[in-house]
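Chemist: Letter by letter, the chains look like this.
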Amino acid sequence: MSLTKDTETVVGAGFRKSKKSWSGWMFMAPFIVVFALVLLAPILYAVYLSLFETRMIGGSQFVGFDNFLRAFKDAQFWDGVLRILKFFAMQVPIMLGLALAAALAIDSSRLKGKNFFRIGIFVPYAVPAVVATLMWGFMFGDRFGLIGNLNEFFNINIPSLLSANLILLAIANIQIWTFTGYNMLIFYSSLRTIPEELYEAAELDGANQWWIIRSIKLPALRGAMVITTVFSIIGSFQLFNEPNVLKGIVPNSITSYFTPNMYAYNLAFSGQQHNYSATIALIMGVLTMVIAYSVQHFGTRKDER
Amino acid sequence: MASSKKSVARWLSVTATAAMLAGSLVACGSSDKPVETPDAGDVESALDEKSSLLVWGWDPAIEPVAAAFEAKYPNVDVEVVNVGTNADHYTKVQNAITAGKGAPDLAQMEYQAIPQFALSDGLADLTELGAKDLESKYTPAAWNNVLVNDGIYGLPWGTGPMALFYNSAVFEKHGVEVPTTWAEYTQAAKDLKAADPAVRITNDSGDAGFSTSMIWQAGGQPFKIDGEKVEINLQDEGSVKWATAWNELVQDELVAPISSWSDEWYQGLGNGTIASLTIGAWMAGNLESGVPDGAGDWRVAPMPVWEAGDTGTSENGGGAFSMLKGSENKIVAQQFLEFMTASTEGQTITLETVGGIPSTVAELANDEWLNREWEYFGGQKVNQVLADSANNVITGWQYLPFQVYANSVFADSVGQSYENRTDINEGLKAWQSTVAEFGTQQGFDVTSK
Chain A
1 MSLTKDTETV VGAGFRKSKK SWSGWMFMAP FIVVFALVLL APILYAVYLS LFETRMIGGS
61 QFVGFDNFLR AFKDAQFWDG VLRILKFFAM QVPIMLGLAL AAALAIDSSR LKGKNFFRIG
121 IFVPYAVPAV VATLMWGFMF GDRFGLIGNL NEFFNINIPS LLSANLILLA IANIQIWTFT
181 GYNMLIFYSS LRTIPEELYE AAELDGANQW WIIRSIKLPA LRGAMVITTV FSIIGSFQLF
241 NEPNVLKGIV PNSITSYFTP NMYAYNLAFS GQQHNYSATI ALIMGVLTMV IAYSVQHFGT
301 RKDER
Chain B
1 MASSKKSVAR WLSVTATAAM LAGSLVACGS SDKPVETPDA GDVESALDEK SSLLVWGWDP
61 AIEPVAAAFE AKYPNVDVEV VNVGTNADHY TKVQNAITAG KGAPDLAQME YQAIPQFALS
121 DGLADLTELG AKDLESKYTP AAWNNVLVND GIYGLPWGTG PMALFYNSAV FEKHGVEVPT
181 TWAEYTQAAK DLKAADPAVR ITNDSGDAGF STSMIWQAGG QPFKIDGEKV EINLQDEGSV
241 KWATAWNELV QDELVAPISS WSDEWYQGLG NGTIASLTIG AWMAGNLESG VPDGAGDWRV
301 APMPVWEAGD TGTSENGGGA FSMLKGSENK IVAQQFLEFM TASTEGQTIT LETVGGIPST
361 VAELANDEWL NREWEYFGGQ KVNQVLADSA NNVITGWQYL PFQVYANSVF ADSVGQSYEN
421 RTDINEGLKA WQSTVAEFGT QQGFDVTSK
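Going down the list, the protein sequences come from chains A and B.
Letter 152 of the first sequence, counting from 1, is numbered 152 in full-length UniProt numbering, and no numbers are missing.
Letter 200 of the second sequence, counting from 1, is numbered 200 in full-length UniProt numbering, and no numbers are missing.
Just so you know, the hints here were simulated from the structure itself, not pulled from any lab data.
Quick caveat: nothing in here was measured; it's all calculated off a predicted structure.
Note that beta-carbon positions come from the ideal geometry of N, C-alpha and C, so glycine has one too.
Hints should not be assumed to be uniformly reliable.
[Stated by the list, open to error] Straight-line distance between alpha carbons at most 35 Å, and here's what the computed DSBU-like set of lysine-lysine pairs gives: (1) 86/A <-> 429/B; (2) 137/B <-> 73/A; (3) 449/B <-> 429/B; (4) 50/B <-> 247/A; (5) 73/A <-> 224/B; (6) 247/A <-> 132/B; (7) 247/A <-> 137/B; (8) 247/A <-> 224/B; (9) 241/B <-> 224/B.
[As the list claims (entries may be wrong)] Partial selection, computed: residues in chain A whose CB lies under 10 Å from chain B: (10) 70; (11) 198; (12) 215; (13) 256.
[Stated by the list, open to error] Computed far set for chain B versus chain A, every beta-carbon distance over 12 Å: (14) 135; (15) 147; (16) 178.
Build out the structure end to end from the sequences listed, making use of the hints.
Modeler: Encoded structure:
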């Protein structure tokens with residue numbers, strides 16, 4: 001979006017009354033075409049779908065905003081939304097905390113073999129979500145996995161992380177494992193942009209490492225914090241792969257409406273309720289946008305102060 | 001500025017129109033194309049022309065049947081694609097129907113799935129293609145499964161009368177008799193677990209197909225369908241009878257909480273920690289190919305009954321092949337359907353590949369098939385047990401016209417009873433209310449008792 005705006009300004013300022021004002025649009029055209037086809041058109045189609053209801057008996061009819069009203073009263077939908085918020089509150093602070101610690105450690109120049117650590121922490125990000133989930137899923141089981149073996153070997157009783165009340169932790173674990181390295185890299189690259197002079201000045205003032213972290217590094221990371229938080233919000237709201245794959249291993253621990261995305265998917269493809277599914281998807285899209293936007297707004301305003 | 005804003009607005013409206021058009025095109029895609037019943041000449045010329053068929057299904061016998069058909073009609077090219085099993089397969093079929101293109105000509109369709117796809121206008125009615133004349137070839141029970149509101153929405157390929165598959169080595173080792181009634185079954189479950197804490201009589205983590213089959217055998221009829229009228233009562237006598245008996249098995253951890261078809265399941269079947277399965281006849285071939293370690297140990301016995309002396313059984317799985325409404329090659333597709341399901345050639349290939357129970361009268365009474373000694377089952381004449389079960393299936397059972405959806409939310413309700421080891425009857429009630437709500441929302445006239 002911001003790209004479009006910038007171009008508009010340039011076009012408007014430079015060639016206001018000239019016929020050549022179209023040349024800018026021509027450069028933009030490939031982007032606009034793709035943008036319209038892969039983003040705008042599906043959204044508009046979803047809006048169109050959400051205004052109808054197709055029944056097995058009676059066919060399709062226009063119902064206005066009935067689907068939206070239904071969603072606002074749908075306990076299963078809100079159950080999924082709440083679960084995602086819980087997941088977000090639990091997973092994101094741990095993940096970003098670990099990523100921050102790792103980035104600071106690698107940046108501290110006191111770590112030996114930092115390239116090895118940097119790649120080592122980042123590698124899980126390269127593992128496809130489905131593979132990662134299956135791998136962890138088989139470790140978590142108390143009958144067949146690592147936990148089961150530990151229980152058997154030490155004759156103890158660690159509960160299965162795949163049971164219904166702990167499975168959210170299992171999913172958080174998988175996501176932390178996958179995405180810590182990715183966030184670490186964002187933090188680390190922003191740390192690299194801090195000018196050396198600041199460190200030299202701090203040293204002259206007699207600051208120790210903790211003061212340097214508190215007064216130079218952390219403030220410099222604020223922008224990266226906002227970005228990673230926004231990415232994490234979007235990631236949490238899109239939660240689908242991990243629970244959907246785990247459902248294959250432990251069907252009773254994960255309901256068909258475990259996350260809003262799974263709910264929308266099952267409504268569309270098992271229940272043939274495409275219209276209602278589109279409605280759920282739209283509401284989730286708007287909800288994600290609002291929350292992500294307010295975090296960004298709040299975060300950057302603090303930054304400017 | 002102003003002009004560029006305007007063009008953005010124009011862009012938006014163009015895209016919007018395009019999206020609406022796309023929407024209405026999809027809607028048109030599934031409209032009726034009237035088909036006239038072809039005569040012999042039409043069929044012959046269609047088969048002589050170069051043509052191709054796309055078949056989706058997961059059964060290993062489809063490939064060899066397709067190869068035989070291609071050998072008979074060299075101008076027809078049959079492509080077989082396995083897009084997934086059960087739910088995955090139906091999701092993809094549903095996607096293709098909704099998208100209006102990319103759908104196969106023919107798709108494997110379990111009996112319980114046929115009504116949902118037929119009612120939502122995804123399947124071709126084979127009446128127009130002359131399928132009515134084939135009725136006498138199939139067993140009445142099999143034929144009944146492909147009829148929806150007087151239309152014929154597939155040709156039956158195999159049935160799944162239930163039987164007890166058991167690992168005789170495990171039973172013998174622990175000195176436990178093979179159960180003939182469900183009371184004996186519970187006792188055998190206790191004895192096996194007491195003899196070896198790692199052994200369970202069977203696995204069950206809550207499976208909609210298994211539960212409905214068990215309710216069926218217990219004399220329940222929770223779903224009664226009459227046109228658009230749907231009556232649901234998952235607390236009728238048979239349902240309660242099964243759920244109450246099964247409560248004990250689940251709550252006392254007498255069954256392994258392992259999902260069927262998982263790696264763990266195959267492992268358990270192979271190493272003897274899952275000692276038996278009450279399942280459809282098609283399991284014979286699946287055991288042979290999926291559990292090679294059990295060769296020689298497994299046997300087949302009649303499905304346990306509720307009272308000594310009862311004979312009634314039920315079906316589990318089994319299915320047909322259906323033609324998608326959008327198929328552009330209906331005459332050839334119909335010929336392939338008939339070849340696969342009704343001809344001796346097609347049925348013989350199927351029975352040799354996967355075993356199981358034929359859906360045709362001729363093959364079911366074939367002595368050679370009946371007397372076949374199955375090496376995997378220690379030379380037992382397995383087909384006789386399975387054929388007996390086929391003849392004893394309790395009639396009158398009906399599935400919901402939206403069973404695929406109902407089964408997809410089974411874990412949300414009954415599955416929770418399994419997970420928490422609470423009363424399965426409560427799970428059944430919760431399932432009923434979800435299913436009834438869905439039915440009403442889909443325009444059915446639902447009575448929920």
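Chemist: Does each hint fit the structure? Answer for all of them.
Modeler: Tested hints:
Of the supplied pair hints, the one linking residue 86/A and residue 429/B holds, its CA atoms being roughly 29 Å apart against a limit of 35 Å. Between residue 137/B and residue 73/A, the direct Cα distance comes to roughly 52 Å. Violation of the 35 Å bound is thereby established for this hinted pair. With a CA separation close to 10 Å, the supplied pair residue 449/B and residue 429/B stays within the 35 Å bound. For the hint pairing residue 50/B with residue 247/A, the CA-to-CA distance comes to about 44 Å; that exceeds 35 Å, so the pair is violated.
The suggested pairing of residue 73/A with residue 224/B holds, with an alpha-carbon distance near 30 Å, which does not exceed 35 Å. Distance hint between residue 247/A and residue 132/B is unfulfilled; the C-alpha atoms sit about 42 Å from each other, more than 35 Å. For the hint linking residue 247/A to residue 137/B, the alpha-carbon distance of about 41 Å lies beyond 35 Å, and the restraint is violated. Proximity of residue 247/A to residue 224/B is assessed by CA-CA distance (about 31 Å); at most 35 Å being required, the pair is judged to hold.
Between residue 241/B and residue 224/B the CA atoms are separated by roughly 18 Å; this keeps the pair inside 35 Å, and the hint holds. At about 9 Å, the closest approach between the beta carbon of residue 70/A and any beta carbon in chain B falls short of 10 Å, and the interface hint on this residue holds. Interface restraint check for residue 198/A: the shortest CB-CB distance to chain B comes to about 41 Å, outside 10 Å, so the restraint is violated. Hint status for residue 215/A: violated, given a least beta-carbon distance of 44 Å to chain B, over 10 Å.
Among the interface hints, the one on residue 256/A holds; its C-beta lies about 5 Å from the nearest C-beta in chain B, closer than the 10 Å criterion. With a least beta-carbon separation of about 26 Å from chain A, residue 135/B lies farther than 12 Å from that chain, consistent with its non-interface assignment. Under the 12 Å C-beta cut-off, the non-interface status given to residue 147/B relative to chain A holds; the minimum distance is some 17 Å. Every CB of chain A is more than 12 Å from the CB of residue 178/B (nearest about 26 Å), matching its label as outside the interface.
Going through the hint list in order, the structure does not satisfy hints 2, 4, 6, 7, 11 and 12.
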